[in-house]
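Visitor: Given chain A's structure and the hints, the job is docking chain B onto it.
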Amino acid sequence: SRKKNKRIYFDEYDMFVEHRCSDFGMDSSKNKYPGDSVVTGRGRINGRLAYVFSQDFTVFGGSLSGAHAQKICKVMDQAAMVGAPVIGLNDSGGARIQEGVESLAGYADIFLDTSYLFITGPDVVKSVTNEDVTQEQLGGAKTHTSVSGVAHRAFENDIDALLNLREFFNYLPLSNRDPAPVRECHDPSDRLVPELDMLVPIESTKAYDMLDIIHSIADEREFFEIMPSYARNIVVGFARMNGRTVGIVGNQPKVASGCLDINSSVKGARFVRFCDAFNIPLITFVDVPGFLPGTAQEYGGIIRHGAKLLFAFAEATVPKITIITRKAYGGAYDVMSSKHLRGDANYAWPTAEVAVMGAKGAVQIIFRGKEADAEAEYVDKFANPFPAAMRGFVDDIIQPSTTRVRICHDLDVLASKTQSSPWKKHANIPL
Amino acid sequence: MESSGSQCVKQDCPFQWQSVFTTKVQYQSKNLCFVHLSRFLLFFSLQTFEKLLIANRGEIACRVIKTCKKMGIKTVAIHSDVDANAVHVKMADEAVCVGPAPTSKSYLNMDAIMEVIKKTRAQAVHPGYGFLSENKEFARRLASEGVTFIGPDTHAIQAMGDKIESKLLAKNAKVNTIPGFDGVVKDADEAVRIAREIGYPVMIKASAGGGGKGMRIAWDDEETREGFRFSSQEAASSFGDDRLLIEKFIDNPRHIEIQVLADKHGNALWLNERECSIQRRNQKVVEEAPSTFLDPETRRAMGEQAVALAKAVKYSSAGTVEFLVDSSKNFYFLEMNTRLQVEHPVTECITGLDLVQEMIRVAKGYPLRHKQADIPINGWAVECRVYAEDPYKSFGLPSIGKLSQYQEPLHVPSVRVDSGIQQGSDISIYYDPMISKLITYGSNRAEALKRMEEALDNYVIRGVAHNISLLREVIIHPRFVQGDISTKFLPEVYPDGFKGHKLTDLERRELLATAASLYVAEQLRSQRFLGTPRIPIAKSKQSSWELSVRLGDGIYPVAVSKDGSSFSVEVDGMKLNVTSEWNLASPLLSVTIDGTQRTIQRLSRNASGDTSIQFLGTVYKLQILTKVAAELSKYMPEKAAEDTSSILRSPMPGAVVAVSVKPGDMVSEGQEICVIEAMKMQNSMIAAKTGKVKAVHCKAGDTVGEGDLLVELE
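Chains as they are written, first to last, in UniProt numbering: chain A, 1 to 431; chain B, 1 to 714.
Just chain A, with the same shape it has in the complex:
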């Protein structure tokens, strides 16, 4: 990457920096490498400025020296000053993960099969907890993208990761001082999506794929999903609507009926806050039967973690558009970007059921099984969007095929939305 190609505009920094260590023969000239174990600089991706640091494993295993750290800090400082993102490529035996940087550093990419990430390695684990575990099991790509939720996406190899990173980069503003980018769009904003009129199954217990809705509504069916293998009962990711980047959150009825649990709440909350931090409007598709019951969830603190998602949606001041496709039950309804959390446009499809809970459960509680016809009555009363619409909890009941048109119009109008929260040093999200 140091090679200067006529067409690759990369301005490298600190090429002459060397490490300053003198112990163990490190000061001999054959142990000095110009630039040390990291490459830093700036360049453009599709014409847009980005700073980059890339740890170089071929120099002392990419290990973090004082000079190395100094180089990284230099690009970070400058990036923060001008308001441009930093992209970090970590390949180091002893790297500390750099966090809390302007933009991209939060989204670490790790590569399939060849990458491992852990606090303590398998040997230490064995001696402390007597667990037998391989590097791959402990901190491989699969572990971090599907079990721990540490990594957001895994890719085949370095090149694949970089190509996908370029794609992802195009969705984001350069800093939190820029609005969400609007790219040239060939997909008509008034395109009707007729298949949505029959997508939600008639039986409310039958699953469907929320990704079908997202793909059919988004520009050119493109959706950059974040954490696709972790907490799959919630779907989050980026798409464009009439060219403008939006963040999409949707319950996934295909996985665990789309219920909210600890992991999906935290996954959703993190994503919502990311979008809010970077001025990316939020579109939320709701089909949620409630929070997952059980001791595992309660002991794990589902109340605390579910509150994170509630807090994130309530706190977000970006345009918020919500579509209830089917179930919106109980507390989970409130959490999912409801009107009560300052939603800007809240719609319901005719298949929507906004209620405290499902008819069966409700009738059992109200009548203790003594009333046979009550279930039908409850369904009549609440398994439809009208009670919520009459109270203004949803702004309109819309034909599903017009959803894309409505969202595009709303986003146009909401582009100038300003909303402020009372002054505070920082919000107090229930961590």
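Possibly wrong hints are sitting among the right ones.
What the hints assert, rightly or not - Heads up, simulated SDA-like pairs for lysine to any residue below, C-alpha to C-alpha not over 25 Å straight-line: (1) 541(B) to 173(A); (2) 541(B) to 163(A); (3) 402(B) to 351(A); (4) 541(B) to 165(A); (5) 360(A) to 530(B); (6) 539(B) to 163(A); (7) 254(A) to 85(B); (8) 627(B) to 155(A); (9) 417(A) to 530(B); (10) 254(A) to 181(B); (11) 402(B) to 224(A); (12) 627(B) to 170(A); (13) 634(B) to 78(A); (14) 634(B) to 89(A); (15) 539(B) to 164(A); (16) 254(A) to 82(B); (17) 539(B) to 9(A); (18) 206(A) to 429(B); (19) 254(A) to 700(B); (20) 627(B) to 12(A); (21) 627(B) to 9(A); (22) 539(B) to 168(A); (23) 634(B) to 163(A); (24) 627(B) to 206(A); (25) 634(B) to 162(A); (26) 539(B) to 78(A); (27) 254(A) to 677(B); (28) 541(B) to 155(A); (29) 254(A) to 702(B); (30) 142(A) to 633(B); (31) 541(B) to 11(A).
What the hints contain is simulated information worked out from the structure, not anything from laboratory work.
Guide: Using the frame of chain A, we list chain B on its own:
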């Protein structure tokens, strides 16, 4: 008719669909319009039924409803619960659910259907094809309730439904049947005498042997003697039954059928033939009318025999008499279908008749309104059956899924699409996987085929596998174009199975150039942002790109340079100019490559450079990288390939019928492991090697998707 169309821009199907079909049908002359006006008046002067129930689903139900609407008849659709959102349900005036998804509980559920008829007060029932269309019990029950069955009466259904009886009836009506002898043959001399009587070539086999088992073909006396020896031995030893079957062997048979139309007053017409020789597993794939093979005399002879048979069974309604035709134009009766055929649209296109309308009229008791001399052959019509199936697996294994994108090629002139699905529809395992019937029409065969090619290229079907690639290859194959076809066409032309279109060198360059241009168009679009961010976007001055495109086993360097609105692409030492509007959201992309217009479809792309493009009907997978990225790819670790011999994956979506192994069992190579049923087929999954079963991931009753892991061996 053709000659009078001189002042018209397009020569189009004379078939009268303008109000019901969205095809752009235009009329050819003013005097024709007059004819249509008089027919139009006729609609209103004839009362048929007030309300009609369609005991079917899918495209044929929609097809019948269209004609009913034209005739002012109210329609009742029936449906299973999974079909509640189906197109035929939406089109009908009323729709009633008759049961759950399995056909035995819904579309074949006579009790439920009779109940609906009573409830909705439908006066007549059109059965479509399949399901209850040739069920005499259903016809009988309708008759006893005083409801009209749109079809022949029970007697004809019964007579033609029985193979032996129908043959006997045909013989008596002087219809050519396959000459043959079934009984004990004394010796070789007698066998020769019988064979000579029948005429060579003959087929000899043991009567008791089923199908083509132990069948021998004899072309002369010598071979007959030999055939007698083997077959009689086999008859005695294998079956303990001395009887032999000696029958005329139909060499290179074609499947040609005659459409007949008869009324309840003893009148019958033949509406010319349909050529249905392109088949796979005895299922028709491409049909046309007329046939390239028949001369007017043969056509007349076949037509007259078909009518004779219809009259012999007092047939009324539309029916089809199927014949096998050998290479010397001898034809032999096969069977008669007492219903509307799937491929009836090609007959409608060349004759201008609406068969469903005629069926309804006849059922009401009206006499036929045409004379044999009124039945024309106008132009040529071709029908392709578009199936949701993977043509690369035995010419078509069913595929299921949701039609994520679906767009019929109705903007192509002279195209008729009979379908019962729409964007978002599910193709489920419960029913026939047919997506639609695509019919094109032209003043001659070449024109009809050219339009078919264009229509297939402009057909957008996403979300399920489909057989467009096979259909397109068939209709452009030199043998098909010359009319040199038989029922063995597919296995003969593709002895190793269908593998998709084989690109010529030029076509490959065109594909590479198009793919590379699309890639660059996408790259350029990625730089076009609206609005002004605080840090200005640097305008790229790049005007040339060096790419590396992987297609199949080859990696091709491709150089693209922007040349105004088009791209100049260098590939394999050849320069091609590629022009298009580059609308990256459109499912269809019209591209002009060095003056040749092609309609291509980009099915997918991702950031990793993977692109799949439908080009000349076949989907090609490509990977496009910049030259720099491709060079660096060499340093990337290779991924270990999965050992496919020790795992068994489902080749198609379906239901697991039986699992015959459990973990720990030893299996030998070729042993059946489980059975998957999809649509009407049961598929036996066998072990690819000998070994111990490590894990079983399915059980009987499970539904599995394509590629799902079924069983692992150690």
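Visitor: Look at each hint and say if it fits the structure.
Guide: Do the hints match the structure? See the list:
In summary, the hint linking residue 541(B) to residue 173(A) is supported, as the alpha carbons are separated by about 23 Å, within the 25 Å threshold. For the hint linking residue 541(B) to residue 163(A), the alpha-carbon distance of about 21 Å falls within 25 Å, and the restraint holds. At most 25 Å may separate the alpha-carbon atoms for a hinted pair to count; residue 402(B) and residue 351(A) meet this at roughly 20 Å. Between residue 541(B) and residue 165(A) the alpha-carbon distance is near 23 Å, which keeps this suggested pair within the 25 Å criterion.
At most 25 Å may separate the alpha-carbon atoms for a hinted pair to count; residue 360(A) and residue 530(B) exceed this at roughly 51 Å. Restraint check: the Cα-Cα separation between residue 539(B) and residue 163(A) comes to about 20 Å, which is no more than 25 Å; the hinted pair holds. The hinted pair formed by residue 254(A) and residue 85(B) meets the criterion: a straight-line CA distance of about 20 Å does not exceed 25 Å. A threshold of 25 Å between alpha carbons decides the hint, and for residue 627(B) with residue 155(A) the separation of about 20 Å falls inside it, so the pair holds.
For the suggested pair residue 417(A) and residue 530(B), the alpha carbons sit about 19 Å apart, so the restraint of at most 25 Å is met. For the given pair, residue 254(A) sits about 62 Å from residue 181(B) by alpha-carbon distance, which is inconsistent with the 25 Å threshold. Taking the CA atoms of residue 402(B) and residue 224(A), the gap is near 21 Å; set against the 25 Å cutoff, the hint holds. At roughly 22 Å between alpha-carbon atoms, residue 627(B) and residue 170(A) fall within 25 Å of each other, so this suggested pair holds.
The straight-line distance between the Cα atoms of residue 634(B) and residue 78(A) is roughly 35 Å, outside the 25 Å bound, and the hint therefore fails. Restraint check: the Cα-Cα separation between residue 634(B) and residue 89(A) comes to about 20 Å, which is no more than 25 Å; the hinted pair holds. Among the hinted pairs, residue 539(B) with residue 164(A) is consistent with the structure: their alpha-carbon atoms are about 22 Å apart, no more than 25 Å. Of the pairs offered as hints, the one joining residue 254(A) and residue 82(B) holds, with about 18 Å between alpha carbons and a cut-off of 25 Å not exceeded.
Distance restraint check for residue 539(B) and residue 9(A): the Cα-Cα separation of roughly 12 Å lies within the 25 Å cut-off, and the hinted pair is therefore satisfied. For a cut-off of 25 Å, the pair hint linking residue 206(A) to residue 429(B) stands: about 17 Å separates their Cα positions. A hinted pair counts as satisfied when its Cα atoms are at most 25 Å apart, and residue 254(A) with residue 700(B) qualifies at roughly 22 Å. Note on residue 627(B) and residue 12(A): the hinted pairing holds, with a Cα-Cα distance of about 22 Å set against a maximum of 25 Å.
In summary, the hint linking residue 627(B) to residue 9(A) is supported, as the alpha carbons are separated by about 16 Å, within the 25 Å threshold. Simply put, residue 539(B) and residue 168(A) have alpha-carbon atoms about 20 Å apart, close enough for the 25 Å limit, and the pair holds. Proposed proximity of residue 634(B) and residue 163(A) is supported: the alpha carbons are some 16 Å apart, at most 25 Å. Of the supplied pair hints, the one linking residue 627(B) and residue 206(A) is violated, its CA atoms being roughly 48 Å apart against a limit of 25 Å.
Pair hint residue 634(B) plus residue 162(A) holds up; C-alpha atoms about 15 Å apart against a cutoff of 25 Å. Proximity of residue 539(B) to residue 78(A) is assessed by CA-CA distance (about 22 Å); at most 25 Å being required, the pair is judged to hold. Proximity of residue 254(A) to residue 677(B) is assessed by CA-CA distance (about 24 Å); at most 25 Å being required, the pair is judged to hold. A C-alpha spacing of about 31 Å is found between residue 541(B) and residue 155(A), which places the hinted pair above 25 Å, so the restraint is violated.
At roughly 17 Å between alpha-carbon atoms, residue 254(A) and residue 702(B) fall within 25 Å of each other, so this suggested pair holds. Of the pairs offered as hints, the one joining residue 142(A) and residue 633(B) holds, with about 22 Å between alpha carbons and a cut-off of 25 Å not exceeded. Pair hint residue 541(B) plus residue 11(A) holds up; C-alpha atoms about 18 Å apart against a cutoff of 25 Å.
Checked against the numbered hints given earlier, the structure breaks hints 5, 10, 13, 24, 28 and satisfies all the rest.
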